[in-house]
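**Student:** Sequence:
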Amino acid sequence: MGIISRLAARAVQEIASDPETRAKLSQKLRETSRKLAEELEPRARQAWRDSQPKVESAKRGLKRFAHNLREEYRKGRDGE
10 MGIISRLAAR
20 AVQEIASDPE
30 TRAKLSQKLR
40 ETSRKLAEEL
50 EPRARQAWRD
60 SQPKVESAKR
70 GLKRFAHNLR
80 EEYRKGRDGE
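First residue of the sequence shown? That's 10 in our numbering, and the numbers climb one at a time after it.
Just so you know, these hints were derived from the structure itself, not from any lab.
Backbone N, C-alpha and C fix where the C-beta goes; we use that ideal spot for every residue, glycine too.
Don't take every hint at face value.
Heads up, simulated DMTMM-like pairs for lysine to aspartate or glutamate below, C-alpha to C-alpha not over 25 Å straight-line [unchecked claim]:
(1) Lys33 to Glu48
(2) Lys44 to Asp59
(3) Lys63 to Glu50
(4) Lys37 to Glu48
(5) Lys44 to Glu65
(6) Lys33 to Glu23
(7) Lys84 to Glu65
(8) Lys68 to Glu80
(9) Lys37 to Asp27
(10) Lys37 to Glu50
(11) Lys72 to Asp87
(12) Lys37 to Glu47
(13) Lys63 to Glu40
(14) Lys37 to Asp59
(15) Lys68 to Glu81
Pairwise CB distance ranges, derived in the manner of DEER restraints [what the hints assert, rightly or not]:
(16) Ala18 to Leu38: 15 to 25 Å
(17) Ala75 to Glu23: 53 to 63 Å
(18) Gln36 to Trp57: 28 to 38 Å
(19) Gln61 to Arg19: 41 to 51 Å
(20) Glu29 to Ala67: 25 to 35 Å
(21) Arg43 to Gly70: 39 to 49 Å
(22) Ala25 to Pro51: 29 to 39 Å
(23) Ala67 to Pro28: 47 to 57 Å
(24) Arg19 to Glu48: 30 to 40 Å
(25) Gly85 to Pro62: 32 to 42 Å
(26) Ser26 to Ala67: 52 to 62 Å
(27) Leu16 to Trp57: 31 to 41 Å
(28) Asp27 to Glu47: 24 to 34 Å
(29) Gln22 to Ser66: 45 to 55 Å
The task is simple: from the sequences and hints, build the whole structure.
**Tutor:** So this is what it looks like as C-alpha cells:
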C-alpha cells in the first residue's frame, strides 16, 4: 500500500474516532453542498443555455461539411 493510501486511511480513522472532527466535517460538507446548489449550479445552467446557439451552429456547419465532402467523394467515385 502506498504512502498516500496509508495517510488517507489514517485520516479516515482519526475522523471516525473524533466526534468533534466529524461534526466539523459534516458542517463543512453541508456548507459546500449549499454553495454548490445556490451558486455554482445556476451559473453552470446559464452557461449551458448561453452556449447552445454556438453548439447548434457548429452542428449545422459540421453537417454541411460532411454533406459537401460526401458529394465530392461521390463525384470522384462516379467519374464526374
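**Student:** Does each hint fit the structure? Answer for all of them.
**Tutor:** Hints, verified against the model:
1. Lys33 to Glu48: holds, 22 Å
2. Lys44 to Asp59: The hint holds at about 22 Å.
3. Lys63 to Glu50: Answer holds: Lys63 to Glu50 is near 21 Å, not above 25 Å.
4. Lys37 to Glu48: Measuring from Cα to Cα gives roughly 16 Å; hence the hint holds.
5. Lys44 to Glu65: The hint is violated at about 31 Å.
6. Lys33 to Glu23: At roughly 13 Å apart (the allowed maximum being 25 Å), Glu23 and Lys33 satisfy the hint.
7. Lys84 to Glu65: This hinted pair is violated, its Cα atoms lying about 29 Å apart.
8. Lys68 to Glu80: Distance of about 18 Å is within 25 Å: holds.
9. Lys37 to Asp27: Judged against 25 Å, a Cα distance of about 16 Å means the pair holds.
10. Lys37 to Glu50: Answer holds: Lys37 to Glu50 is near 18 Å, not above 25 Å.
11. Lys72 to Asp87: holds, 22 Å
12. Lys37 to Glu47: holds, 15 Å
13. Lys63 to Glu40: violated, 34 Å
14. Lys37 to Asp59: violated, 32 Å
15. Lys68 to Glu81: holds, 20 Å
16. Ala18 to Leu38: 15 to 25 Å: Between Ala18 and Leu38, where Cβ atoms are some 20 Å apart, the hint holds.
17. Ala75 to Glu23: 53 to 63 Å: holds, 57 Å
18. Gln36 to Trp57: 28 to 38 Å: holds, 31 Å
19. Gln61 to Arg19: 41 to 51 Å: Hint holds: Cβ distance 47 Å, inside 41 to 51 Å.
20. Glu29 to Ala67: 25 to 35 Å: violated, 53 Å
21. Arg43 to Gly70: 39 to 49 Å: Between Arg43 and Gly70, where Cβ atoms are some 41 Å apart, the hint holds.
22. Ala25 to Pro51: 29 to 39 Å: holds, 35 Å
23. Ala67 to Pro28: 47 to 57 Å: holds, 54 Å
24. Arg19 to Glu48: 30 to 40 Å: holds, 33 Å
25. Gly85 to Pro62: 32 to 42 Å: At roughly 35 Å between Cβ atoms, Pro62 and Gly85 fall inside 32 to 42 Å, so the hint holds.
26. Ser26 to Ala67: 52 to 62 Å: holds, 54 Å
27. Leu16 to Trp57: 31 to 41 Å: holds, 37 Å
28. Asp27 to Glu47: 24 to 34 Å: Because 29 Å falls inside the window, the suggested range holds.
29. Gln22 to Ser66: 45 to 55 Å: With Cβ atoms ~54 Å apart, the hint holds.
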